[in-house]
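As they're listed, the protein sequences go chains A and B. Just so we're aligned: 338 in my numbering is position 338 of the first sequence, and the numbers increase by one with no gaps anywhere. Numbers given in my numbering equal positions in the second sequence, counted from 1, plus 1000.
These are calculated hints, taken from the structure and not from any lab test. Please note: incorrect hints may appear among the correct ones.
What follows is a list of derived Cβ distance ranges for each label pair [to be verified]:
id, chain 1, residue 1, chain 2, residue 2, range
1, B, S1284, A, E298, 39 to 45 Å
2, B, N1324, A, G226, 46 to 52 Å
3, B, S1284, A, D287, 40 to 46 Å
4, B, N1120, A, P247, 25 to 31 Å
5, B, G1329, A, R132, 54 to 60 Å
6, A, D58, B, N1031, 30 to 36 Å
7, A, Q260, B, E1057, 30 to 36 Å
8, A, D198, B, N1120, 21 to 27 Å
9, B, D1196, A, D198, 57 to 63 Å
10, A, K131, B, A1293, 21 to 27 Å
11, A, F243, B, K1271, 45 to 51 Å
12, A, P33, B, N1343, 38 to 44 Å
13, B, D1056, A, D186, 25 to 31 Å
14, B, D1056, A, R132, 18 to 24 Å
We put the CB at the ideal spot given by N, CA and C, even for glycine.
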Amino acid sequence: MFDDMVTARNYEERLQEEYLEGKQPAFDISAGPIPGELHLAAGHEASGAGVCQHLREDDTVTAPHRPHHVAIAKGVDLKRMTAEIFGRQAGLCKGKGGHMHLFDPDVKFACSGIIAEGCPPAVGAGLAAKKRNTDSVAVAFLGEGAIDQGAFLESLNLASVQNLPVVFVIEDNDWAISMPKERVTDVENGSQRADGFDLPGVRVDSDDAIAIYETAKKAVGRARDGNGPTLIEVQVHRRMGHFMGDPESYRPETDTEAAQQRDSIERLASDLRAHGVDEEEIEEIRDNAHDRVEEAIEWAKDQPEPEPEEAYEDVFSNPPSGVTDTEPSIEIRPSGGDD
Amino acid sequence: MAQQEPEQESGRMLTMSRAMVEAIAHEMHENEEVFYMGEDVADYGGIFDSTDGLLDEFDHDRIMDVPISETAYLGAAVGAAQEGMRPIAELMFVDFFGVCMDQIYNQMAKNTYMSGGSVNVPMVLTTAVGGTYNDAAQHSQTLYGTFAHLPGMKVVVPSTAYDAKGLMHNAIRDDDPVVYLFHKRLMGIGWMPAPDGPKTAVPEDDYTIPFGNADIKRKGDDVTVVTLGLHVHRALEAADSLADDDIETEVIDLRTLVPLDTETVQESVEKTGRLVVVDEDYRSFGVTGEIIASVAEGSLDDLDAVERVAVPDVPLPYARPLENEVIPGTDDIIETVQNVHSNS
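Just chain B, with the same shape it has in the complex (with noise of 0.2 Å):
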């Protein structure tokens, strides 16, 4: 399902970060019981803007920093949200989950199964993924998959300014845990260049993006390529240049991975017979392989060609010859595109 068109009216562009940011003041404004909480969210507004501005609208008890303690702080989110709350609870860098994942994964998205649908966790786990910049194998994942491999969590990852702003606003007002996955490279911060695509047209007003609505940010009818995050942008600049070619790329942009848009994906290879997956993941046990399972029970007399384009099985590696090498650039989704063109 398309997405709305972004209200042209006022033309406000804006970056993903301030987008985000948006969102939360607006719900926080609404909701005395929104509040935001992580390391250096306050004072420094988020290492990567996540929360650039906030103080100056809302003081220290809404907009909290806290110890670097993240077992105990999205513990503490987890705990509030039982209470009713509807709290932010921000971890770093994505890396950091392993200070802290029984609250995630054994607390925060098991208690409303557990409780046999009692309890519910109304909280928001904002988090920053990707590399590209070198950081090495403890600040440059994107784990996706993992997040989405284990249930209970809600699992949105924007690609725009105006997804989210949208998909942030159904995040917070969401009864179940959400976990918000934003790419470092894609936020608008002076010190990491965004690629053209990110910043876009936002309205003003408050909307929502509901979860499980994948997009199509480009048309096209020869191959199809799912991907999400940053590899949307890698996507679509594949697909002006594979034009080029006279190969119509369709560019579906995944959104959220819990709940899952398969019917989108589905028509699209029922159209093209040709599916890429790019994920900026690991490679195996992850969303390439999800996607192409989810096609393969669904629609297997659709798919004449197939291919996969993810992180290779390694941690992402500092240097830069290595870092380029298991990130998918552009140039692989060029060639995995034409591989599956050709092979069909």
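Same shape as in the complex, but just chain A (with noise of 0.2 Å):
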């Protein structure tokens, strides 16, 4: 857990690092070796890494745009995660889906850069499971601005009267962009939109990850044994803005250094400490997660970008015939009118 958490956070700094090269003086999001937009989860490390300790390969997980904490967690192959990050031909999608749309269905991972969106895609995960008679979950991660929409509230409501083995976790930062909690959003947490739905609301009030661990053992194993769905809410912090490039004048500055003064991982060290394991061991966990980035980032910017002609492959996984799937659909023969 410690593990992931570091190597979440250390590979985030990496990533912002890369993402700022090329991008100075003026900031121009479309510059430089990671484009289009980046969002960093320093400060939610604690809510993927505690709750993907329960989870074995076969079960699923739906991440949103802020990914890549819950990605490591999971297993996600971190060089080709990387090298999908960088555009390039061996990322886990081809250089086709970037940082908010990563695939990778040997550890039954996605994610959706629309909010809300990947709640459904959990719910059909966990139905299958339950009509193949197995005993894998699927777990649906959303930001706390995301439990007003809709595609969340009607996916608790299936995923409960059809008892479905799906642990829906909110990662409370506090902030949707600019939009504090408290101004979209009536009651006190999240956890209790469960009450509508007639199923478990649980919150962990801390980004505390041992905390959040055991939270999720219960919720993970309810739904393993065919007890149903449960709504976990844990408080993560936003440490820095929704976005790269995010100016965050819509944020008191006081919040910002509050959210960085609380660091689970830094928190979780001195747990480990307190139960007898030595400042070695972690400085040893910590080096092995450097030396894993770094790698996992050499090799991403080593590979080739993808050729601009398989921008044509994979529209479909079986080309209708009569579509040539590797070719440009895009030539056009002028035709003749009256001469």
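Got two chains here, each in a separate frame; can you build the complex from them with the hints?
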């Protein structure tokens, strides 16, 4: 768990460095080795790590647009994920998905860039498990800003009424881009959403990885035993802007400082020390994580970019007859009129 | 019909986002019934500066941040509009339309018709479109054709600050639902440099640009290029280059898709005989097909050659070489115009 958290933090610190390259002096979102948006999860690590500890390879996870910490905890191939973020051919999605749309079917991980839209597919994975009579479970991660979205509320209802093995994990970092939760939701906690759908709703009030671990253990166990869904909300912290380049002018500086002072990773390190883990071992985990991250980033950057014509592949897994999936469909012959 | 010349007295140059906001602010001052709601539109000022500064002039009741719940607040805009208010509701990225399309095309767009004209829906749906910055398939579409295909919505796509302001005034004053699609790359946001062109002189006073009036952004006798949004600027750049080879390109900016000004397009084709349609939306079943069909129906005899340049039918990919491949560039337009010119 500590390993996953340290790896995630380290990974994103390196991504941040790479992302900012070439975007200076004036921030240009489309410049540099990593273009597009980048949403970092610094301050969320305990959630991915604490929950995914209980998951097997055959369990499904769906993550939102801020996916890296969850992906790492679920065991997504770090090198290929990195190559995807750099837009390389060897990436998880051959450079077509990018950081918000990572798919690793080997460990049953997927994410989506649309708020709350990972919830219904997680319900579908739970439905498949139930129909096939397996004991695998599905976990959907979402932000607290997603709890007003229809897709989430409908998913809670369907999972509950069908008694499906699904765990919903709300990562509450208090901010949906510029919107503080008290201005958009009248309930104090997102976990209260469970009340309306007759399923357990539990909140973990701190980003204490051990507390999250214990809570998730019960929820995943409950799902695996055929006892239905659980909604968990965990308090996490947004240590930086919503996306890289977010000026955060809407956010009081004290709020950012407070978020940065709370560090679930250091908290867990203290807990480990208190439980007799020696400093050397903790440092070794940190060093290994650092090496693994460096290796992934170097490997990814060495990979070639996709060839332009690869843009036409993969629209269909079974291209309709008469359509050549690999040929540009843009070739148009000029038609003659009356000359 | 060419647009009226911008008033040059003030020489005031505005970015497209400033011009849009100026029109919105004016209408909000003039009419208490106009209000704006969306995600991150108040304190943030809109992710693409679409509402930048409005909170300095109006309170949170007039410029409203709403929960992430597009079905609810777009549907609420429909309801408020049916009560006679004039809401402007922003969908942050057009790609998110899937979350709330029922409210858009089954309510906003159809209620006037289904009520036999007894109900009207005077609202504006604003939304950001476009790629070119590697944000992949869920954040880079234009979807011009989707909204224009479904009846009941007027569809507006400005390409310059001058047009953006005049079209916004008209949109807010219109008694029908208007979908106002602004291209991120044209807004003049600090972190997404705009091409030369969208920043234009803009009169301080209010003015309207009527819908259904395409604008000839460049005159030429050899080839007609019909386009909209970002690609107006790419077509103009292509036309500059083509002029070096003595090919004079007429660039028509559609400005609105519903209503569509087929007359200006046909008149141009009568003159040039050659048509290229350029679109950042998907190729099939979209704007390019529609324009070509309308010319074929109206002036087939004048048409010597025609081609279209659009996004091939693939979702927008993330990696830079892939995105560059599918979004039409200036070079693609140059090549296509040359083809059409030499093949007729």
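* Asked: Taking the beta carbons of D58(A) and N1031(B), is their distance inside 30 to 36 Å?
  -> 59 Å, violated
* Asked: Taking 57 to 63 Å as the hint, is the beta-carbon distance of D1196(B) and D198(A) inside that range?
  -> Roughly 60 Å apart at Cβ, these two residues keep to the hinted range, so it holds.
* Between D1056(B) and D186(A), is the Cβ distance one that fits in 25 to 31 Å? -> 28 Å, holds
* To do: Can you let me know if the beta-carbon spacing of N1120(B) and P247(A) is within 25 to 31 Å?
  => Given range 25 to 31 Å: violated, Cβ gap about 40 Å.
* Between D1056(B) and R132(A), is the Cβ distance one that fits in 18 to 24 Å? -> 58 Å, violated
* Asked: CB of S1284(B) to CB of D287(A), is that within 40 to 46 Å?
  -> Once the Cβ atoms are compared, 54 Å apart, the range 40 to 46 Å for D287(A) and S1284(B) is violated.
* Asked: Given a hinted range of 30 to 36 Å, is it respected by the beta-carbon distance of Q260(A) and E1057(B)?
  -> The hinted range 30 to 36 Å holds for Q260(A) and E1057(B), with Cβ atoms some 34 Å apart.
* Could you say whether the range 39 to 45 Å given as a hint is met by the Cβ separation of S1284(B) and E298(A)? => 42 Å, holds
* Do the Cβ positions of N1324(B) and G226(A) conform to the proposed distance bound of 46 to 52 Å? -> 50 Å, holds
* Is it true that the C-beta distance of F243(A) to K1271(B) lies inside 45 to 51 Å, as the hint says? -> 47 Å, holds
* To do: Please test the hint of 38 to 44 Å on the beta carbon pair from P33(A) and N1343(B).
  => Holds, at about 41 Å.
* Asked: At the C-beta level, are K131(A) and A1293(B) separated by a distance inside 21 to 27 Å?
  -> 47 Å, violated
The structure shown violates the earlier hints numbered 3, 4, 5, 6, 8, 10 and 14.
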